[in-house]
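Colleague: Chain order of the listed sequences is A, B and C. Start counting the first sequence at 997; every next residue gets the next number (my numbering). Start counting the second sequence at 56; every next residue gets the next number (my numbering). Start counting the third sequence at 2; every next residue gets the next number (my numbering).
To be clear, the hints were calculated from the coordinates, so they are not data collected in a lab. Heads up, some of the hints might be wrong.
[Stated by the list, open to error] Straight line, CA to CA, 30 Å or less: simulated DSBU-like cross-link-like pairs of lysine-lysine:
1) C:K122 / C:K189
2) C:K131 / C:K189
3) C:K131 / A:K1198
4) A:K1198 / C:K117
5) A:K1048 / A:K1146
6) A:K1198 / A:K1048
7) A:K1146 / A:K1223
8) C:K122 / A:K1198
9) C:K189 / C:K117
10) C:K131 / C:K117
11) A:K1198 / C:K189
[Claimed, not checked] Stretch by stretch, here's where chain A covers chain C in the computed footprint (C-beta under 8 Å, at least three residues):
12) 118-128
13) 222-232
[Claimed, not checked] Chain B regions said to be covered by chain A (calculated; three or more residues, Cβ under 8 Å):
14) 86-99
15) 119-130
16) 277-286
Glycine is no exception: its CB is placed at the ideal position from the N, C-alpha and C atoms.
So you can see what is in the structure, the chains are spelled out below.
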Amino acid sequence: MNYRDMSMAELLALAPPGWGGVLLDGLWLSLQVAGGGYLLGLLIGMAGAAGKLSGGPVIRDLLTCYTTVIRAVPELVLILLVYFAMPEALSHLLAMVGLGEVEIGPFAAGIVVIALVQGAYATEVMRGAIRAIPYGQIEAAYSLGMSTAKTFRRITLPAMLPGALPGLSNLWLIATKDTALLAVVGFTELTLAARQAAGATKHHLLFLCAAGVLYLLVSLVSNLLFKVLERRATRGLSHG
Amino acid sequence: MVESRLPLHRLGLIAAAGVAVTLMALQMRWDWLLDYHDAILGGLWLTLILLVTTSVAGFLLAIPLGLVQAAGPRPLAWLARCFCTLIRGTPLLLQIWLLYYGLGSLFPYLPGIRESWLWPYLIEAWPYAFAALTLSFAGYEGEVMRGAFAGVPRGELEAARSLGMHPLTILRRIWLPRAVQRVLPTLNGELVIQLKATPLVATIAALDTYAVFGRIRQETYLVYEPLLLMALIYLVLAGLITLAFSFLERSWSRRSAGD
Amino acid sequence: MKRLMTATLTSLCLAPVAQAEVTRVGFATEPYPPFATLDASGELQGWEVDITRAVCDAAELECEIVTTSWDGLIPALTGDKLDVIAASLSITDQRRETIAFSDKYYQTPAALAGAKGDDLKTTSGGLAGKTLGVQSASIHQAYAQVHFPESILREYQTQDDANQDLFAGRLDATLADRLIIEQFLDSKEGQLCCEMQATVTQDQETLGEGIGFGVRQADDALRERLNEGIAEIRANGTYDEITARYFDFDIYGEPDT
């Protein structure tokens, strides 16, 4: 294939021999991994914040270990650990109790790593936001006879959201960018797709810049969406 | 603190961790450490050098970036904002590849570049690693500095102005120190994040800690040991950064309390 | 809701490996023309892909192509994410400590490429002070470490990266498989900058005994079937037919090494 004489539009065309389709496929994969990891991370964060605020001393210490270790070890190293070491260790454990082996593909490994990282940061974000809620509100809910779950859903969650949203929107942006690290274990997300296109066509600047523009679009659009969310969540608060 | 720092459950956890570490030390293979300890030290050295130099250079760059956004003329403020958005909106790995391979693909079409004084640097990997990490740190920290500059109480600046202080003197004596004081507590986290970003330079043929362990993994085919040791090294480095900062903060607050 | 998420999580990552008869053949994600490269439609193509498919057919294996990063291939094999490595993996004693190999299916010499007009020698001391690029953990790195200790060695994640840096002028030379070098020199970039400088003398200690399929040490049955497959396509002409589509000479190398 003679890529050198092709125009920019031909190179970026969606259908082969253009590489635009490959880039968009990569973007879609990146967004899927980021989205899955982010949602799981939010769940971990919620559980973690609840554990840190109202769990026993052992749970609190274990959670501190989790957030400290995850936030100190590079994501790249975590990816290798989850992708190569964790399945082996799990398989060994499962074999001991007589179960089959496990396999973690790059897609699932990506989601797990991003969820673990996001969970550690989200724990801190949510803990801070929940502690900022005046405790009287929660006490009042209990005295009205609301159950713990109901109190969480009706009082704690909506009350902490305005405080947590800026941190959570920041975390989403980190999640989208962290997916790029999966390129290192050979997962063809957007960054590796761009590199493959660049390697095949020798148009390095063009394809790496094109990927950059896509990432930038994602972050700008996400910023807008989170702004709208924030405005909704803080509605009615500004009078107070 | 009312309760003792070492309640029973914590002793239990420490004991469990101790048992796990002992088991790892005894059960796993560590003989490769002898062959590779020079390489590991070399990688560690590059990681530390990159961390320190890029953080310092990046922070120095972040000061004008933040100042211009907080109080600079429109076009400059806009440029600085664009820069921060660009850096923060794209993955660092992409930036590193763009700098290294993107620029590299242009070299053959630039006549005379091989004779220029820059050429000895352009053929090495570390200048690109340094540039990418510095720009990244500046982009993130520039945003923080903007907030810090804007957050210094106007009254203090106006008071200084009414005393007839030169604007540059105000910046040097009041505005900058107050802004830096405001960002200090966040700097610890930013430095740990910068440490975690350094392994990306391994993808452009720079031999940092991560790259050395990558080679160890490929040459020994060990699954757990190199990965665990590498994770431990980064953990210790991050711990040292945090310790250093809490020491700094304590001596800082003691000094300001003594004033 | 939470239970649903946990269920999906478990099914996502803890799915027990299906015990179907599919043989998972691992290629490297990184482009390695003309042996295996991804085209714009995301399909793997190249000589090695065709040969692997032919061997699978001949051995009556149902093969499924999987890609993973080059440095993750052997861990993926031992970690049971793959059953066969078909990524131009050289048969070496060091690798034999970890995995087993089929018989070789091709063997090409190593060659040195450098900038046009440079006169580089692969004799001892011929590369003194020169920057030499090799693929990390490849046989060529092993060769360079033994035979060119006085050169400055740079390790790349892929040979493509090294070629790119030779073109950019950051490297004085790169040592790689002769076919890969020729492929690069045939490209527009290669023609512009570089030429073949020398080939190196065969050294079984570092350069190995040719390229074979990698399998787990316990998988004797699979190894045998792959060997039969290789022997069959060598005998019935399929091997030569596929080779003729990519090369104008026989890349099998010396028989019985």
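Colleague: Work down the list of hints and note, for each, if the structure agrees.
Modeller: Okay, the hints, checked on the actual structure:
no.	hint	in the structure
1	C:K122 / C:K189	holds, 25 Å
2	C:K131 / C:K189	holds, 24 Å
3	C:K131 / A:K1198	holds, 25 Å
4	A:K1198 / C:K117	holds, 20 Å
5	A:K1048 / A:K1146	holds, 20 Å
6	A:K1198 / A:K1048	violated, 52 Å
7	A:K1146 / A:K1223	holds, 28 Å
8	C:K122 / A:K1198	holds, 29 Å
9	C:K189 / C:K117	holds, 14 Å
10	C:K131 / C:K117	holds, 15 Å
11	A:K1198 / C:K189	holds, 10 Å
12	118-128	violated (count 0)
13	222-232	violated (count 0)
14	86-99	violated (count 0)
15	119-130	violated (count 0)
16	277-286	holds (count 6)
In this structure, the earlier hints numbered 6, 12, 13, 14, 15 are contradicted, and the remaining ones agree with it.
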